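Colleague: Sequence:
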Amino acid sequence: MKAEEFFSEGLRLAKPEYWTIFFNFLIYFVLMVISAITVIGLLILPSLAVGLVRFTIRTGRGEEVDIGDSLSWGFKDGMWWKSLVFFVIATLGMIIGFMLLILPGLYLSAAWFLGIYLLVDKGLAPMEALGKSRELVHEIGFWKVFIIIFAMSIGMQLIALIPVLGIAVNAFLWPLVVMVYFAIYEHAIKGGAKALDADFQED
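For the sequence shown, this note's numbering assigns the number 7 to the initial residue and increments by one for each residue that follows.
Since the hints were made in silico from the structure, they are not lab data.
Values in this document were obtained by computation on a predicted structure and should not be read as measured data.
In this text, a Cβ means the ideal position worked out from N, Cα and C, and glycines have one as well.
Honestly, I wouldn't trust all of these hints.
As the list claims (entries may be wrong) - When the alpha-carbon atoms are kept at most 30 Å apart in a straight line, the in silico DSBU-like pairs for lysine-lysine are as follows:
| hint | residue 1 | residue 2 |
| --- | --- | --- |
| 1 | K196 | K8 |
| 2 | K128 | K8 |
| 3 | K150 | K128 |
| 4 | K21 | K8 |
Stated by the list, open to error - Here are the computed distance ranges between Cβ atoms for each label pair:
| hint | residue 1 | residue 2 | range |
| --- | --- | --- | --- |
| 5 | V39 | I102 | 23 to 31 Å |
| 6 | L109 | I73 | 35 to 43 Å |
| 7 | M7 | V45 | 39 to 47 Å |
Turn these sequences into a full structure, and let the hints steer you where they fit.
Modeller: Shown next as structure tokens:
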């Protein structure tokens, strides 16, 4: 797929469940802000994040979803500690990368982009998810993924500079953004399906 096709696919996926995605984002955003106030609260942020990713995956695949869907999922079946370990490794890796002349950090931000989706969707271990993410990103085109995620990130940051209105615009754009990200993931795993199946067979 070309870069622009991910945007059109993201828009197509977002349309049917736009308001469900929008209100779920608001719920998760409020919970994450509240959680970030205390040190103990920070420990549950990864679980909330993987819950949001699971909701995104289910929505993108046309499964039935509701407001508040997947809120508790990140705390079940060992996902709490897996998500915590994943975020600690990924965050430390990118911090160290940005300290090393910035470029390694930018590289890891794109290369590990699919890691959280693999953690949630395929049940991979944290390090395995990050490693497989790097393989898949290079398989579908590193620069393509890099340009899409950073163009969207920079665009939303610029919009956020607009007083008051910027925050509202970004909130309404979020359903499109998350579905574009999902479209990248879905395209990646379809292209790398044989490799993923081989990994599971080895396990």
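Colleague: Now tell me, hint by hint, if it's right for this structure.
Modeller: Consistency of the hints with the structure:
Among the hinted pairs, K196 with K8 is consistent with the structure: their alpha-carbon atoms are about 15 Å apart, no more than 30 Å. In summary, the hint linking K128 to K8 is supported, as the alpha carbons are separated by about 25 Å, within the 30 Å threshold. With a CA separation close to 23 Å, the supplied pair K150 and K128 stays within the 30 Å bound. Simply put, K21 and K8 have alpha-carbon atoms about 21 Å apart, close enough for the 30 Å limit, and the pair holds.
Distance hint check: the CB atoms of V39 and I102 are about 27 Å apart, consistent with the given range 23 to 31 Å. For L109 paired with I73, a C-beta distance near 41 Å keeps the hint of 35 to 43 Å intact. The supplied range of 39 to 47 Å is met by M7 and V45, whose beta-carbon atoms lie about 42 Å from each other.
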